[in-house]
Every structure is written in C-alpha cells, then in structure tokens.
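Q: Read off the chains here:
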Amino acid sequence: MATASSSLSLSRRDGWGTYLGELWRRRHFAWHVAMGGVRARTSSTTLGLLWWMLDPLILGAVFLLVFGVILDVRRGDPAYIGFLLSGLFAFTYTRTTMMGGGNSLTSNSHLIATQRFPRMILPVASVVEGAVAFLFSLVPFFLIAGFAHGDWPGSFTIVLLPAFVFHTMFNLGLSLLVAQLVIPFRDIGNVVGHLSRIWMYMSPVIYPLDERLRNAPDVLVKILQFNPLAALLGLYRTALLGRPTEAYHWWGSAGWAVGLVLLGVVTFRRMEHKLPRYLA
Amino acid sequence: MTALPPGEAEGRLTPEEREARVAERRAARQAEREARRRAAREARLRAASLERAAEVPAAVGEPLDEPAIVARHLTVKFRPFTERRPSLRRHGIAALRRREKPVVAVDDVSLTVFKGEALGIIGSNGAGKTTLLRVLAGTLPPDVGEVEVFSREAPTMLSLGAGFNRKLSGRRNVYLGGLAAGLQKSQIDAMFDDIVAYSELGDAIDRPTSTYSSGMFARLAFAVAIRRDPQILLLDEVFAVGDQAFKKKSAETMQRLLADAGTIVMVSHGLSRLRRFCHRLVWMDHGRLMAVGDADEIAAQYLSFLGISEEEAAED
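Protein sequence lines, in the order shown, are assigned to chains A and B.
Going by numbering that gives the first Met the number 0, the first residue of the first sequence is number 0, and it counts up by one from there.
Going by numbering that gives the first Met the number 0, the first residue of the second sequence is number 0, and it counts up by one from there.
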C-alpha cells in the first residue's frame with residue numbers, strides 16, 4: 000500500500016520531458032494498436048494477411064491499365080511499370096495516414112474516455128499501420144518491376160532507408176495536423192479525400208515531373224518542386240529504380256520531414272487535452 | 000324462501016334473471032382470478048427483493064481517515080458549438096462564430112474520498128455523474144479545479160459500455176487493455192493466465208470478442224481491470240457482472256479491495272445496490288453536488304426529492 004505522502008496530480012499537465020518519456024515507455028502499446036489494426040482489417044477474410052499484398056497489386060493493375068495502356072502516359076519510358084508502381088505505393092502510404100490519425104482517435108474514443116495515456120500514441124499507431132502496409136506492398140512491387148524490366152534491388156536500394164524515414168516523419172506530422180482539424184470540425188474530413196486525389200495528380204506519381212518541366216516557366220518549376228511528395232518520390236525512384244537523384248530531392252524531403260513532424264507534435268500536444276470533449 | 004337445487008331454481012327463473020345470475024358469476028370468477036394474480040405478483044416481488052438483498056453485498060469495514068482522492072472546485076463545461084470556434088477562427092472563418100451557452104456538466108464540485116471507502120454517485124440522467132467520474136480518472140481535464148490522488152498510480156476506470164477492439168480475440172484484447180492501462184508487456188505476460196482463470200472464459204479466450212455474449216465480455220473486462228490490483232477503482236454503471244456465480248465472485252473481490260484500504264467510486268442507477276454496498280453516497284443534480292453523507296440518509300433524501308416511495312424504489 001502506498002503511503003499518504005505520495006500524491007499525484009491528475010489535472011496538471013506534464014512537461015515535455017515527461018510527455019516524451021511516457022510516449023517512449025508506451026511504445027509497445029502503439030505497436031499493439033497498430034498490429035491490432037493490421038489484423039482486424041483482414042480478420043474476416045479467407046486470404047487474411049495476403050490481402051496486404053493483393054490490395055496494392057490490384058491497385059497497381061488498375062492504374063497500369065488506365066494510364067499505361069488506355070491513356071498511354073509512358074511516352075517512351077521503357078520501365079514505366081516500375082515508375083508508376085513506386086509512385087503509387089509511396090503515395091498510398093501518405094494518403095492512408097493522412098486520414099488515419101483522425102480516424103484512430105474517433106474509433107478509439109472509448110480508450111480516450113477511460114484510460115490515461117499520451118493521446119499521440121493513437122495517430123502514431125496509425126502511421127505504423129500504414130508503414131507496415133507500405134512495406135508489405137514492396138514485395139509485389141519488386142515481383143512486378145523485377146520480372147517486367149529487371150528492376151531488382153541493387154546497391155542504390157540503400158537510399159530506401161533515408162527515404163522511408165523522411166517519408167514516415169512527414170506522414171506523422173501530416174497525420175497529426177489533419178487530426179487536429181478533422182476532430183473538432185468533421186466536415187473537413189469529407190474534403191480531405193478529394194484533396195488527396197488532386198494532390199496525387201499534381202505529384203509525379205503517374206508522369207515524371209522533370210521531363211514535363213523542361214519548357215515550363217521557372218516559377219512553375221519551383222512551385223511543383225516545392226511539393227513535398229515531388230522530393231520524396233524522387234528519393235524513392237532512386238531507391239527502387241536506380242534513377243538519378245537531384246539535390247532538391249534530398250533537402251526537400253529532409254526539410255519537409257523535420258518541419259512537419261515538429262509542427263505536428265507541438266501543436267497536437269497543445270490541443271490534446273481538449274480531445275475528450277470533441278469525442279464525447 | 001327455501002333453497003332449491005341450482006338447476007331447479009334456474010329453471011324457474013325468467014331469462015333476464017338468468018342472464019343477470021350468469022353475469023354475476025362471471026364477475027366473481029374474474030375477481031378471484033385477479034386476486035390470485037395480484038398475490039402471485041406480490042410473492043414474486045417479495046422473492047426477488049429477498050434474492051436481491053442476498054446477492055447484493057453489503058459495505059465492509061470502516062473507511063480510514065486517510066484521503067485517497069481530493070477534488071477541489073471541479074468545473075467542467077461543454078461548449079458543443081463554441082468548442083469548434085478556435086480552429087475555425089484560426090483558419091480565418093470568423094463568420095461562422097456561434098455563441099451557445101455552455102453546458103455545465105460539473106459545477107464547482109469539491110469532494111474527498113477516503114481509503115477503504117466505497118462511495119456511490121447517484122442522480123438523474125445528465126446530472127454529471129459520468130463526467131465527474133472521468134475527471135476523477137484523470138481522462139477528462141477539468142476547466143477549473145484540481146484532482147489529487149494519494150496513490151502510486153492514477154485510478155483504474157472500468158466502463159463496460161466501452162469495450163476493446165471487437166474484431167480481435169480475447170487474448171489480444173487482454174494485451175490491448177493492459178497496455179492501454181499502462182502495464183508493460185512482461186507484466187501482462189505474467190498475469191495473463193490469472194486473468195483468463197478469473198474471467199472463466201477458458202478456450203473462448205482465443206475467439207474473436209465479437210462472438211462473446213455480453214456477460215462473457217463483461218467478465219473479461221472486469222478481470223483485466225481487477226487483476227491489476229488497483230488501489231482506486233472507478234466503476235461506471237458496472238456492478239457485479241456476469242451470471243450469479245460470477246457476480247458473487249466479483250462482489251467479493253471488490254469487498255477484499257476495500258478491506259485492503261482500496262477505494263471504490265461507483266456510478267449507478269441501481270439505488271438499492273449502491274445503498275447497501277457504499278459507505279457514503281454523493282447526490283448530484285444538474286452538475287451540482289446536492290448532498291454527501293451516510294448512504295441511507297442520502298438515498299432517502301434523493302427519493303423524497305424525486306417523489307418516489309421506498310416501495311416503488313425497491314422494485315428497480
């Protein structure tokens with residue numbers, strides 16, 4: 000039994016050190032919530048976890064049919080399949096985590112109502128879930144791109160590590176920011192899906208940016224290169240296809256990753272004590 | 000007039016008289032049936048109340064003089080629309096401002112709960128009972144006021160309306176619930192068998208919880224919460240759960256917790272249970288604390304406030 004001298008204030012907010020320490024101490028919880036999500040999504044299907052590879056495979060096939068065959072966007076790129084799939088799978092990671100943060104809070108509102116823990120764990124878990132899905136999708140990617148054009152992993156694949164780390168940081172920051180908007184004002188959630196679709200067409204997912212910009216005005220080039228995904232996808236194309244990297248791929252990815260994750264974490268922590276009221 | 004055999008007598012009656020006689024007899028039969036039914040219902044109620052009294056555990060021990068929870072001037076306001084304003088204003092849509100009167104769910108409540116005490120919170124729907132419980136659990140920060148807990152950890156809150164991930168197995172939910180409550184994985188590994196044994200789920204632990212009956216689900220949730228050996232247990236509309244045998248066991252566990260100088264705060268609409276199990280009752284109405292004190296006294300005050308007699312209340 001505890002002595003009367005040890006007391007604990009429940010209404011005071013912890014400092015940053017305590018908060019981040021608690022977040023780290025609870026990492027198994029984040030992992031468990033994420034894996035629970037991975038399992039729950041396919042628990043009632045016959046093929047089970049195989050769907051995590053079939054899903055991107057079918058998605059890739061649909062895009063290949065529309066943009067590779069019907070619209071013929073490839074314009075002479077002999078290895079278009081690898082180009083399209085690498086962009087598509089990486090973008091899907093961003094798209095799923097964008098809404099995932101907010102969804103993880105609303106779907107776990109019972110946990111928020113009854114348990115004390117840093118609420119940031121839930122968006123973190125949803126990013127982990129998205130990351131697992133993305134890593135799963137690399138298997139069908141290499142199977143298709145490898146067999147189709149010989150795009151197998153090589154020494155350049157080492158770039159996958161920084162690309163994945165920057166991408167994950169960026170997605171976490173984005174997910175925390177979107178959650179802060181969507182939770183108090185759910186209407187925004189209806190718009191986010193459409194915005195992500197526009198964003199995809201503005202990013203070099205389906206067509207290569209650099210080729211298209213050869214004759215474009217300088218300002219437009221700068222604007223399109225400012226897109227965080229243009230930089231991140233540039234890194235992925237180096238990592239997965241061995242294509243040349245440009246300088247802005249590196250500083251763009253690193254800058255967006257660090258900037259957004261800091262902004263997301265700081266602002267989320269400032270609003271997190273209000274969460275139970277929005278979810279009640 | 001001499002008594003005649005019924006058949007003979009009726010034979011000599013006019014049709015009107017005969018009809019009246021038949022109606023009379025029918026009415027008598029009906030009254031008799033009614034009386035029988037009433038008696039049966041009374042007997043049933045008596046039996047039920049006896050059974051209830053037997054199954055509802057009584058308060059045990061005396062609360063210590065040491066405080067377990069000290070709450071000072073707690074106020075919680077919900078602003079259903081105005082809460083949204085800050086985010087909108089931040090993004091430049093000040094035109095959508097709405098000024099709605101805040102709902103004061105908890106209004107300047109100060110309260111001390113002692114070690115070894117079972118405290119019940121009563122009040123009508125919307126009185127702020129659950130909100131107060133969530134503030135005491137530390138999951139809902141109050142607008143004003145503070146909560147101090149004299150314990151090594153925050154109180155454990157058990158609310159069965161709020162479940163785990165229904166798509167996952169009982170086993171995974173035990174881990175999810177334990178980790179959410181702040182346990183380390185190794186600690187849950189160590190107490191896992193104990194939790195399953197207590198919940199009496201057996202092999203069903205590996206089935207998805209969506210296939211559980213509500214009683215099984217309640218047993219698992221209760222087992223996860225109680226096996227952690229909480230010093231302070233907060234119960235929201237959860238009393239003894241499961242079937243009769245499990246109810247007895249869970250009630251005994253709660254009594255043991257009190258005897259070990261643990262603290263229980265519970266919210267329930269079952270007034271007769273709260274009155275028997277709790278040392279003190281807190282009566283809330285529209286967020287305000289109306290009265291705190293001896294369980295029987297407060298229950299009587301509350302009932303007279305509602306205009307309900309003791310007998311009517313006993314039928315709950």
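Since the hints were derived computationally from the structure, they do not count as laboratory data.
One or more hints might be untrue.
Claimed, not checked - Cross-link-like lysine to any residue pairs, in silico, SDA-like; alpha carbons within 20 Å at most: (1) B:LYS166 to A:GLY145; (2) B:LYS184 to A:ARG24; (3) B:LYS166 to A:SER43; (4) B:LYS166 to A:LYS221; (5) A:LYS221 to A:ALA253; (6) B:LYS76 to A:ARG12; (7) A:LYS273 to B:LYS184; (8) B:LYS166 to A:ARG40; (9) A:LYS273 to B:ARG24; (10) A:LYS273 to A:SER108.
Stated by the list, open to error - To spell it out: a stretch of chain B is covered by chain A in this simulated footprint if at least three of its residues, at any positions, have a beta carbon under 8 Å from a beta carbon of chain A; those stretches are: (11) 147–157; (12) 195–202.
Quick caveat: nothing in here was measured; it's all calculated off a predicted structure.
By construction, the Cβ of each residue, glycine as well, lies at the ideal position given by its N, Cα and C atoms.
Q: Hints broken by the structure, by number, lowest first?
A: 1, 4, 7, 9 and 12
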